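There are 2 protein chains.
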Amino acid sequence: MVKLKLWIGAVATVFALGFIKFSDAYSYDTYYYTQKVDHFSFHNNDTYQQRYLVNDGSWTQDGGPIFFYTGNEGDIEWFAKNTGFMWDIAPQFKAMLVFAEHRFYGVSLPYGNKSYEDIKYLGYLSAEQALADFAELIYYIKKSTPGAENSSVIVFGGSYGGMLAAWFRMKYPHLADGAIAASAPVLQFPGITACGAYNQIVSRVFNASSPQCAASVRKSWDVINTMGNTTEGRAQLSSLFRLCAPLSNDSDVHNFKDWLTEMYGDVAMVNYPYPANFLEPLPAWPINVMCSHLTDSSLEGEELLEKIFQATNVYFNYTGQTECMDTGTQSTAGSLDDRGWDVQSCSEMVMPMCTDGVRDMFEPADWDYPQFVEDCQNNYNITPRPHQIEVLFGGTNIQQYSNIIFSNGVLDPWSGGGLLKSVSSSIIAILIDQGAHHLDLRSSNPADPPSVIAARETEKSYISKWIRQARRNQKYRESHKLNPILID
Amino acid sequence: MVKLKLWIGAVATVFALGFIKFSDAYSYDTYYYTQKVDHFSFHNNDTYQQRYLVNDGSWTQDGGPIFFYTGNEGDIEWFAKNTGFMWDIAPQFKAMLVFAEHRFYGVSLPYGNKSYEDIKYLGYLSAEQALADFAELIYYIKKSTPGAENSSVIVFGGSYGGMLAAWFRMKYPHLADGAIAASAPVLQFPGITACGAYNQIVSRVFNASSPQCAASVRKSWDVINTMGNTTEGRAQLSSLFRLCAPLSNDSDVHNFKDWLTEMYGDVAMVNYPYPANFLEPLPAWPINVMCSHLTDSSLEGEELLEKIFQATNVYFNYTGQTECMDTGTQSTAGSLDDRGWDVQSCSEMVMPMCTDGVRDMFEPADWDYPQFVEDCQNNYNITPRPHQIEVLFGGTNIQQYSNIIFSNGVLDPWSGGGLLKSVSSSIIAILIDQGAHHLDLRSSNPADPPSVIAARETEKSYISKWIRQARRNQKYRESHKLNPILID
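Heads up: the sequence lines are chains A and B, in that order. Residue 0 is where the first sequence starts when you use numbering that gives the first Met the number 0, and the numbers rise one by one after that. Residue 0 is where the second sequence starts when you use numbering that gives the first Met the number 0, and the numbers rise one by one after that.
Keep in mind the hints are simulated off the structure, nothing from the lab. Be careful, since some hints might not be right.
To be verified - Just so you have them, the derived chain B footprint on chain A, three or more residues with Cβ under 8 Å:
hint: 1; stretch: 361–369
hint: 2; stretch: 380–386
hint: 3; stretch: 398–410
hint: 4; stretch: 458–466
hint: 5; stretch: 471–479
All figures in this text were calculated on a predicted structure; none of them were measured in a lab. We treat Cβ as the ideally placed atom computed from N, Cα and C, and that holds for glycine.
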């Protein structure tokens, strides 16, 4: 089973080149805050420098809110430059923008270069510790910035960052008045979401582009397996797919299939309505372009694989500049840190994934939890805690929380683990037709479908509501001394 | 400055003897749950056995709720036997009773006898870790007990246990539908509650008993100081107060005064309307009895101190069986663990205390934070985190939480750090006239004042409301599949 990654970071790079020209618009000051390595126990007094970025160009001290991005698995500068929605709406709200880097990513490494060397350091990489970092930082910013003490705070995040935004509002509602959680698969955990969801959605999107396309992919695995069985066939596959390193054994063939499988998921995540750069540039609606090569599912053998290659080429070589295909990577996105996410997947972000080849277009593969545990123990000396997230954050039982928007793109495979129905008047689900992975957090674009324009409007209206509510609460606290016995 | 303790444990023992005759009524089964030592980081996979007690004699599987006591700083059996309110109302609600022991207390020692030996063990004593223990335990009980999966859960606690109950509902509302937080000084933290509150309330209660009484106490310190200045005077003091160990220097005199100061606070906490056993038995309304000896504030010198001694004698020697006074202890209450609470006071339960001799009847003493930090570092290798609790739990900014009753006795010195005004329709403050420290959590008594009877009625009606609300939410979740995309 392919280990799937939360991919906001990688998705963000899609637009990295495009943003160079806007770099002036995304200017910020860089700060560091001294954080405790361990917020919840007291035997370790180590601290580290957490990086955060601030733009207060639009902010007004008389009540301007703070829009706070809860950084996820990557370099925070990259998220800052790729969450255009926050920048787009800051002037209207007179908001200060803060982007906080997640511990163990970017330069916010609690133990510097040693951070990933040993579980005794790496053990402090957890969502709970990261949320406490954000809490301390918000508390500090509000206390130390003249005029910010009574500012309302709205947290934003996409993908894992969206989970963090939602969880932050859930656990620290006194520090965040509302949360925009975009494409946050908060339900993608054992016993809550079926393991096949992700790959079924990938397949559904390919099938919607054309049934022949999904059928061609489904058919391709047997062809690859047959060719992969012989030395001659493996050479043929290697040549056909212009592989940098020829396939020399079963294991290579296995990895090759994983690489393809992962690509189908990735392109579904970034199936955006406008051209974008993801490693290599991608066209608008890249799945349609890929599927334009897969219109004839009656093809067999090498002829079919030639078409699969052409589809693959759309993703990995749209510019025609790629000399050979490297099955060792999906992405050269420098700012996404797979190391960290692999660790988090092993400890608490346990997200079962499987395929059955019937409801999806992939080879059948069960979720092999014992194998998963063994790998985590071997790789990191970590034993997974599969129910940790449900115990901490409630799974679907979140009616008692408030002021969170969960937005999901219908085209996004991660939507399978998202909250897709509102559960109360303040825990709101938004579905974005024609939306892939957190399209709504991106800067507005002329090619945006009406659904994402509407989603952003809804988000803005809730943000306004939450800010008004926070001001009312603030006034209430001021006018009602809550601790009235004391004189001194 | 006297180090004041949260005292529910000690208060509970007041009735320990009385309860022997009711022991059948307080019967339970004892269980142990395997808890992670560290819930929030991943380098330590140690576990320990958390003790919890269950009585399901009144529980019905078809919707009976779980009443869960969030254990505080002491042996959980002692809390179970001294929280009569839960036992009193269990039949009416058909409730299961669960009493969970707090880590590092009773027999729930994460590292056995070594638990208190080194900060590397003791570092795991924190409210956050204890709350996560409770979360895991409730999750486990609901999953593993046939018929309990959909049971609503109400958490109860008094004093520090009340803080934990409130905080548990705040952080884990998916696991607790409401909280009864009795005499929980959730605001007794730096920058929120003035340091003089506690001792002002003690003084107010003595003054209300009789102004001469408070004036006599206030006057006594100078007399003690004058006598304490000379060898002869110290011998006189030692004799007058029947001290087991004579005062031999300034430091002894200082400790003697602390011992008296602490006693005045303790008797204010247990100033109950009926006789009770606290170390030695106490009469009903013990402050009135003490003050019956302090009716003439015109007395001077030794004559005044003789009266102070008689008042002291009410507290430490009401039966006349005490041979001499031990200034080294306030309480022989075996089940209250001062060791643990001292540690918690140093790490995160930083509660400033001071006196000014004007608004209180004590010698002036500032809150000496630098000295406090130094002591914590020397004694435990712990550096206090004075704002930890505010960052985590919001201080007075808790309007966005719900379903908590904060009850406080007007006679209770800890009420100064309690939430005394409702902040919303579901964060409710109850003031109990004539109530000392969490009187409402105690079993009903013919001498109960109307205010505590009314408080318990209010609590019961909110518990009913929370249970109905939880059932509605449960039905909503059942009828609305929240994750509807999936088929498998």
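Outcome, coverage of the stretch 380–386 of chain A by chain B - at least 3 residues whose beta-carbon is closer than 8 Å to one in that chain: holds (count 4)
Given coverage of the stretch 458–466 of chain A by chain B, tested with a Cβ cutoff of 8 Å and a minimum of 3 residues: With 0 residues closer than 8 Å to chain B, the stretch 458–466 of chain A misses the three-residue bar; violated.
Check of the stretch 398–410 of chain A against chain B for coverage (Cβ-Cβ below 8 Å, three residues minimum): holds (count 5)
Within 8 Å of chain B's CB atoms, at least three CB atoms from the stretch 361–369 of chain A: coverage verdict: violated (count 0)
Outcome, coverage of the stretch 471–479 of chain A by chain B - at least 3 residues whose beta-carbon is closer than 8 Å to one in that chain: holds (count 4)
When the structure is compared with the earlier hints, violations turn up for hints 1, 4 and for no others.
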